[in-house]
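*Asks:* Each chain, letter by letter, is given below.
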Amino acid sequence: MTALVRRARRFAIFLVSVLFLTVSMAPAAVDFATGIRHVVASGTLDDCNAKAKAALEAYLENANEPTPGEWIATGPVGPNMSPDITSAGTIHCYAHAGGYIVSFSCMVEAPNNPYSARALCEDLAANFEGTPQTPLATPTPPPSGCTTATLAGTWRSDSDNTLTLKMDQSGELTDSEDVVGSWTLSGNAVKLTYYGYHNMTLSADGKHLSGGGYSFTREC
Amino acid sequence: MQLYVRAARFLAALLLGVLLAGAAADATLDTVNAPRITVPDKSVNDCSDKAQSTLMSVMQNATEAGQGSGEWLAQTQPSPGGPPSAWAIIECHAIDGGGYTASFVCSVQTPTNPVSASDLCTKLATAFGGGQ
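From first to last, the protein sequence lines stand for chains A and Y. Add 1335 to a position in the first sequence, counting from 1, and you land on the number used in the numbering used here. Add 4 to a position in the second sequence, counting from 1, and you land on the number used in the numbering used here.
Rather than coming from a laboratory, the hints here were simulated on the basis of the structure. None of the values given here were measured: they were computed from a predicted structure. Backbone N, C-alpha and C define an ideal beta-carbon position, used for all residues, glycine too. Any given hint could be a false lead.
Label-pair ranges, simulated between beta-carbon atoms [stated by the list, open to error]: (1) A/Ala-1484 <-> Y/Thr-67: 55 to 63 Å; (2) Y/Ile-99 <-> A/Glu-1400: 14 to 22 Å; (3) A/Asp-1503 <-> Y/Gly-102: 25 to 33 Å.
Cβ-to-Cβ under 7 Å is the rule here; a few derived chain A residues that face chain Y [unchecked claim]: (4) Ala-1364; (5) Phe-1367; (6) Thr-1369; (7) Ile-1371; (8) Ala-1398; (9) Thr-1402; (10) Ile-1407; (11) Asp-1419; (12) Ile-1420; (13) Ala-1423; (14) Thr-1425; (15) His-1427; (16) Tyr-1429; (17) Ser-1440; (18) Glu-1444; (19) Gln-1468.
Working from the sequences, and respecting the hints, build out all of it.
*Replies:* As structure tokens, then:
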């Protein structure tokens, strides 16, 4: 077999690892909420706009008014939240009979957010009205250290000190040469997709991973 | 030589699979408000009818948030049976002195959905046609 074919085969294994990793992630669903609207008998559009901006800034970021009376902001914000835009809220102000009408709409990707679109919109509306708000759910911090609940962390090969695998909470892994793979954990049984499939076992103290031709120790 | 061609084809197919799978996995929400359309001489019921027909023509499953609310919601599935990846709201409100205003909110998951939120809202506003 020529070197080129060997190289192609190695590359193919790498790509298969990536493929299995990515297809294992389900696309996020979007939760949509609309229908909350309040009629305010007396007040100006300026009042509505100021309250809309403040309400959006309390829960989201980048609040702006691309069209007069139509406010939009995106999120999420908060510790352990996704850095991507996975939620949004809009507040619309309409002049009405000496006062105004205000309406709220929210979009929230699940499972990237621990709260529903309805919960976000209810808090936006409560903030707008100055009534008590229910704190939005926050994500549970991922376990750390030598736990048997997850493989997240840095693992070093017992046979090759230069080889490390960084495993994250989502089931992805990246080695010290930027080759990616994936992992699943069920009880103490580990399926590692990294240059092929490997059935491995996690030790009771969560520190050692062995089987399938590999042996790793977690840095914890 | 035949071996090289086979290997190249295999790699190309794998790469395509990886790209497609990756597209489904990472989705960001793209959300916009489109400029309002104001129609001075028609009723909110006209707006609702127009909102429903507009959403039905461009998207799927148009429903009113609450009967008579004038807030219409629809979604788009990029593939039959697949999860929706685009949503839109058309809100109808009466304006003082007669007529109505229609506002548009569009939200899409990118890159799952090939159309941006801005393009979707432009399409809806064009289909709505200002109620004329």
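*Asks:* Among all the numbered hints in the text so far, which are the ones the structure does not match?
*Replies:* 1, 3, 7, 8, 19
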